Structures are given as C-alpha cells and as structure tokens.
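Undergrad: This is what each chain is made of:
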Amino acid sequence: MAEKTDFEPNIVAFLCNWCSYAGADLAGTSRIQYPSNVRVIRVMCSGRVNPLFVMNALQQGADGVLISGCHPGDCHYMQGNYYARRRFNLMRNFLEYLGVEPQRVRMSWVSASEGAKWKEVIEEVVNGVKEVGPMDQFKRRQLNW
Amino acid sequence: MVDVNKLREKAKEVVSRDDVRLLIGYRPGTYGFRARPAFVQGPDEADELIFTPACVNNLATYITLEEKLPVPRGQEPDLRKVAVMVKGCDSRALVQQMEEKAYDRDRILVLGIPCTGVVDMAKVEAKFPGVLQRGEIALEGDRFVLSFNGSKEEVPREELVADKCLRCRYPTPLVYDELLDEAVERFADDDYSDIAELEKRAAAEKWAYWEEKFSRCIRCYSCRNVCPMCYCEDCVLDRLQPQWMRRSVDISENTAYHVSRAYHLAGRCIQCGECQRVCPVDIPLMELNRKFYKDVEELYDYEPGTSVENPPLLSTFKVDDREDFIL
Numbered sequence: 001m002a003e004k005t006d007f008e009p010n011i012v013a014f015l016c017n018w019c020s021y022a023g024a025d026l027a028g029t030s031r032i033q034y035p036s037n038v039r040v041i042r043v044m045c046s047g048r049v050n051p052l053f054v055m056n057a058l059q060q061g062a063d064g065v066l067i068s069g070c071h072p073g074d075c076h077y078m079q080g081n082y083y084a085r086r087r088f089n090l091m092r093n094f095l096e097y098l099g100v101e102p103q104r105v106r107m108s109w110v111s112a113s114e115g116a117k118w119k120e121v122i123e124e125v126v127n128g129v130k131e132v133g134p135m136d137q138f139k140r141r142q143l144n145w
Numbered sequence: 001m002v003d004v005n006k007l008r009e010k011a012k013e014v015v016s017r018d019d020v021r022l023l024i025g026y027r028p029g030t031y032g033f034r035a036r037p038a039f040v041q042g043p044d045e046a047d048e049l050i051f052t053p054a055c056v057n058n059l060a061t062y063i064t065l066e067e068k069l070p071v072p073r074g075q076e077p078d079l080r081k082v083a084v085m086v087k088g089c090d091s092r093a094l095v096q097q098m099e100e101k102a103y104d105r106d107r108i109l110v111l112g113i114p115c116t117g118v119v120d121m122a123k124v125e126a127k128f129p130g131v132l133q134r135g136e137i138a139l140e141g142d143r144f145v146l147s148f149n150g151s152k153e154e155v156p157r158e159e160l161v162a163d164k165c166l167r168c169r170y171p172t173p174l175v176y177d178e179l180l181d182e183a184v185e186r187f188a189d190d191d192y193s194d195i196a197e198l199e200k201r202a203a204a205e206k207w208a209y210w211e212e213k214f215s216r217c218i219r220c221y222s223c224r225n226v227c228p229m230c231y232c233e234d235c236v237l238d239r240l241q242p243q244w245m246r247r248s249v250d251i252s253e254n255t256a257y258h259v260s261r262a263y264h265l266a267g268r269c270i271q272c273g274e275c276q277r278v279c280p281v282d283i284p285l286m287e288l289n290r291k292f293y294k295d296v297e298e299l300y301d302y303e304p305g306t307s308v309e310n311p312p313l314l315s316t317f318k319v320d321d322r323e324d325f326i327l
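So the sequences go chain by chain: A and B. Residue numbering for the first sequence follows my numbering, beginning at 1 and increasing consecutively. Residue numbering for the second sequence follows my numbering, beginning at 1 and increasing consecutively.
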C-alpha cells in the first residue's frame, strides 16, 4: 500500500465515561498534541459497546474504530470492561477472518490520569490505519446494477 | 438406526399422556424420500412418524416458537409439555436454550435418537439427478441404500452424508428423557483445517472471498428463521428504531447482516448446520459460525450446548482472559 501519505483517516473512538473520556480530557487540558483524526463518542462503560456499534461505524465511513475503557479492576461498574474484553477479542478475530486488517479495530485501557498514554494510543491507531489505507469493505455505497 | 415401530409405539405412549400437549417428530414429505416435521397431537396421528437419514430438520427450533404462541383473551395458556424427537446435534440446541434459560427443563419431554448421520440432499441430487422426487433412502451399516424405480443403489456413507455429520462430536443426544436406540460412539471430530487455511490468506484475498459470498445474499432471513438459537422476540434486524440494518439488499447491508448474525451466535452456535442447509444461494454460513466455534474453544475452552450448568460464554468472564491485543 504505497502513496497513502496524504490520507487522513477518520477514527471513531468509543470512550468510557469514567476513565478514557477523562483521560482524553486530561490530554486536552494539559495541552498534549495528538492527531485530530479521532471523533469521540462517550459511552457510560466500554461494556456498553455493542459489536454492532463497530460494524455501524465502519459502514458509515469510519476507517478505524477504537474502544477504550478503564484498566481491568478499575471499572466503575466493577466488571464492564471484562465483558468488553471478551466481546472485543472475538470481534477482532472475526473481522480479521473476513479480511478487515486488525489495525482498524483496536481496544485500549486508558485511565483518567493517563493523558500522555492517550496521545500514544491515538498516534499508534492513526498510524496503523494510515498504513492500511482507507476502509472501503463495509462502507455504504451507491450501487451500480 | 432407530426401529420405526418402536418409535411409533413410544410416540403413542408419550402423546397419550395427560401432561403432554404435542409431539414434534418427522413424517414423510410430499414426494420422494424427503421428510418434514410432524406435529402429532393424538395417538392416532403417531402412525405417520418416521425416522430416516433424510430427517435433516432441527426440531429444537419449534420448541421456542411454541413458547411464543399468543393466548386468546379469556383462555389460560397451555402449560403441558411439548415432546420432541432430537438427534445429537438437535439435543445440543436444547441444552444451549436451557443454558440461556429460554424455558424450563420440565416444560419439554425429550425423545433422544442416537444418530449415525443424515443425508445431504444437494449431494444426492448431484449424484443421482431427479432421485429426490421418487424413491427411498435407508442407512445400512456404513452404506446408504437408495431405492428408486425398482433399482437399488448402494453408496458409501461418506459420499452422501452431510458435512456437519463428518464433524459431529456428539451423535448421541446429550439430553433426553428416553433414548430410543443404543447410544453411538463419537465417530468424527472437527480439525478446522478449512478455517485455518482461510485464516492464513492475505486480508484482500479474504475479503474478495467473502464479498462474493455476501453479494449473493438475498436477505430472505431463512438462516435466521431456521436457527434454533435465534429466538429473541425482538430481533435487531427487524427493528426500525434504531434501524441497525437497512432493508436495502446491497453489499454493505448484507455484510452487516452476516456479521451480526454470526456474532449473535458466537459461543452459542451448536453446529447443526441448518442455516447453511436452507440457504437458497449457497452461502457457506457454517464457515462463519465455525470460526467463532474455533475461537471460543481455543480462547475460552468453551463448547456451546454441552452442559446446562455452564453459564453462557459472553455473560461471564475470567479476570485472566487473554489481553495481549489491547493497547
């Protein structure tokens, strides 16, 4: 995949209200510079993220999806992120099986105090998606038949 | 193969019981050696019951449909048992349904039929064109015997048996009130070689493979309707608000449909292969289901539909689940 240098991906990030959203907020208030490709959707818990959300984001033109929650053991709802982890592991393997590059759908643990980690995560996700180029497998598109 | 007279006797006895409302079994189809589901409500109807290698349907599907029948105003719901004849794979559907607390064990009465494999109609049609419309089929030892037009053909079992049976781990029902025949040993196992082969290909190649398959889909929803594990009263595919799945038939919506369907069955699919059997456009749906089956087995050491005490996979977790893929 050459000549993808001027491609700016759209990343949809599902952030848990209690850790990752606050972590991203901290990155902002601490004036940490990170790529502006992320569109954040705040959910109450990473366990709230239905696999259909990921599918739907990719259909609507996202090039990558990030799900981010609290570190294991830190969940506000005690165990939501454990459920999310199981669900995500299966989702990731399955999408890879269908031919979606694993760089596109990512998961991370970012706590409220990890503004710097948030920046690193975003950089890695954006670079990964830039490497594999625009996502057009699942995108809704005009039919010509 | 279970003796038909014994089966009918047992069915009569069961369906005459006061606490049994209905017996679901198989009866001859309209023509040829096809079989179709029979809903026996009285002992006089029990004489039409059969069991042959052509009894492919998974009758566990009808149990949950039965549960949903609306009760007319002023009438009490009929709480008597539903009796059902199950093969090995069908019994796993019952186990998985009970695992999910779809109904109580004492609402159903299970007649287990140890199964030595059912026939794949597509394979029969390919080998003997037109034979489906006339003739009979039986399994004698390790050979299928097809009789039609006065002639008899013997075919080795492996040639006509359905693919799911070549991978069947539980030919004897796992749950039953009464077993109608001798239990059979496990005669096959799944090595997932075809799944592993597809996994190894490059992403673009995989997507080209699946795009072609998904683009054929006409969204008839047969695979959903026949599935014994698809019994949600409110299906995400039918919903208009929010509309997860648009109704248009195009590659994006078809992909979303198949991803949702397969994911919905993650850790629940019991490998009865009904979805693929009923698919009118031959989409290899079991290749999707078996990917999840393989992952679930490898990652979480979990096999759906094998134990009623097991909690459903995705409603449990272990603190030390794998997480090396998390940033």
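Treat the hints as calculated values from the structure; they're not laboratory data. Heads up, some of the hints might be wrong.
Stated by the list, open to error - DSS-like mimics (lysine-lysine), calculated; alpha carbons at most 27 Å apart, straight line:
(1) B:200 - A:139
(2) B:213 - A:139
(3) B:318 - A:117
Keep in mind it's a predicted model, so treat the numbers as computed, not measured.
Undergrad: Decide, hint by hint, whether the structure agrees.
TA: Hint by hint, here is what the structure shows:
no. : hint          : verdict
1   : B:200 - A:139 : 24 Å, holds
2   : B:213 - A:139 : 17 Å, holds
3   : B:318 - A:117 : 26 Å, holds
Checked against the numbered hints listed earlier, the structure breaks none of them; every hint is satisfied.
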